[in-house]
Structure formats: structure tokens, C-alpha cells
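J.: Chain residues, written in single-letter form:
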Amino acid sequence: AQSVTQLDSQVPVFEEAPVELRCNYSSSVSVYLFWYVQYPNQGLQLLLKYLSGSTLVKGINGFEAEFNKSQTSFHLRKPSVHISDTAEYFCAVSDLSGGYQKVTFGTGTKLQVIP
Amino acid sequence: GAVVSQHPSRVICKSGTSVKIECRSLDFQATTMFWYRQFPKQSLMLMATSNEGSKATYEQGVEKDKFLINHASLTLSTLTVTSAHPEDSSFYICSAFDSRTDTQYFGPGTRLTVL
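Here the protein sequences line up with chains Z and Y, keeping their order. Reminder that position 54 of the first sequence reads as 54 in our numbering, one-by-one numbering, no gaps. Reminder that position 45 of the second sequence reads as 45 in our numbering, one-by-one numbering, no gaps.
Where hints are given, some of them may not hold.
[What the hints assert, rightly or not] Each pair of labels, with its calculated beta carbon distance range:
1) Y/Ser54 / Z/Val29: 39 to 49 Å
2) Y/Glu22 / Z/Ser30: 32 to 42 Å
3) Z/Ala1 / Y/Gln42: 32 to 42 Å
4) Y/Ser15 / Z/Ile60: 37 to 47 Å
5) Y/Arg111 / Z/Gln10: 18 to 28 Å
6) Y/Ser15 / Z/Asn41: 15 to 25 Å
Hints listed in this document are in silico derivations from the structure and should not be mistaken for laboratory results. Note that the structure is a prediction, hence the values are computed from the model and not measured. Glycine included, C-beta positions come from ideal geometry on N, C-alpha and C.
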């Protein structure tokens, strides 16, 4: 079984300041890791993913995340946020089970960018 | 990234009626699609896994007879909410698994309101 923990339900940050959204996971097997963003009343958009290779992953909109196996973490970072980054962010983990991919989501972190 | 569409985006129906929601992968074929339900200010809850040409796999606690899933082609899965009741009102999101990139891509969601 796998699980994802996003400890921060809300993160307020001033515009142009840096931000880090935390994500920790647990799994008994190797996993893939994802960050998705959800704007109000919309579906989820993939920000970035870690499947293998370099532990520092760069995504869209200037976001990046680092996979840390020893700490079982996959924190999301952005050096300078914009008002348009205000949204809910979901960390997710998956493994390949039975030939398909089943994803477990964290509870989400609402990023509020303050002008 | 790959594109997944959902139709309709919003539907209002009377209690006791059935509602069909379509999920399409527009630029790739998906043998596996997923249906999620999202309650206000909560994360996504996996309802079922839809496999092309075979029966869907439902998560524990999800009524198979109430939420009918059909995955008739490699680009289309449908979710039918039968005999809908007000407690079925929710945001339903589908996703399609792209085996070329080992990634799930999400539709924009369908807001169902049952009066």
C-alpha cells in the first residue's frame, strides 16, 4: 500500500517570494511521483513528474521538485511566485500494479499568493 | 501533454434520473481510464478503474450498480450515475493513462448537481 502526506493544507505567500510545498510518501515498492495543480472548478493539470533518472525535476510554470529517497520526500518549489499560481496543488504517488497505473493523491495544499 | 476531454462540464438533473458522463482521450489511446470523485475542499477519491473491453474494477465502498462504467473503445469511457440522488452531487473527474509516458492525464471535470 502507498500513501501521500501533504502536511500543509494552506500556504500563504507574498507575490515574488519563494515557496515550498511539502510532500512525503510511503510505499513498499519503487514509485513514480507527481505534482498536479487544480484551478477552481477545473480538472488537474500535470506540473511535473519523477519516473527515474535525475532527482531534480523541472516542470511547467517555473516549478521544480526534488526526489529524496532517504527522506521519502518530493517537495515542490518555485523561486518567485505569481498571483496566477494561486491554486490547489496535489502530490501523488503511483506504482505499476497489474499492468496499469493506480495513483494515490495527497489531501492537497492550497497556495494563496498575496499581492 | 496529452489531452483528455469530459462532457458535459456541468449537469443539473432531477432526483431519480440517470446521467451519463463521457471521458475521451483526444490524442492518444488509453486502455485504462480512471474515474474520481471530489468533494468540496477535498482530495480526489478513486471510484473505479475502467479497462477497455473488460469490466471495470471498483474501489471498496463504491456501488457498481449505481455507477455504471463502460469503456467501449480505446479513447472513450463513460460513467453513468443511475437513479441519482442529491448525495450524488459532486465533481467527477476522469483520467486516462498514457502508456507512452507512464502518466495519467486528467479531464476538466463534470459538476453534477442533483435536485
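J.: Using the Cβ atoms, figure out if Y/Ser54 sits within 39 to 49 Å of Z/Val29.
T.: violated, 25 Å
J.: Is 15 to 25 Å a correct range for the gap between the Cβ atoms of Y/Ser15 and Z/Asn41?
T.: holds, 23 Å
J.: Regarding Y/Glu22 and Z/Ser30, is the given constraint of 32 to 42 Å on their beta-carbon distance met?
T.: With a Cβ separation near 34 Å, Y/Glu22 and Z/Ser30 satisfy 32 to 42 Å, so the hint holds.
J.: Do Y/Arg111 and Z/Gln10 keep their Cβ atoms within the hinted range of 18 to 28 Å?
T.: holds, 23 Å
J.: Take the C-beta atom of Z/Ala1 and the C-beta atom of Y/Gln42, compute their distance, and say whether it sits inside 32 to 42 Å.
T.: violated, 20 Å
J.: Tell me if the beta carbons of Y/Ser15 and Z/Ile60 are separated by a distance inside 37 to 47 Å.
T.: Check passed, 41 Å falls within 37 to 47 Å.
In this structure, the earlier hints numbered 1, 3 are contradicted, and the remaining ones agree with it.
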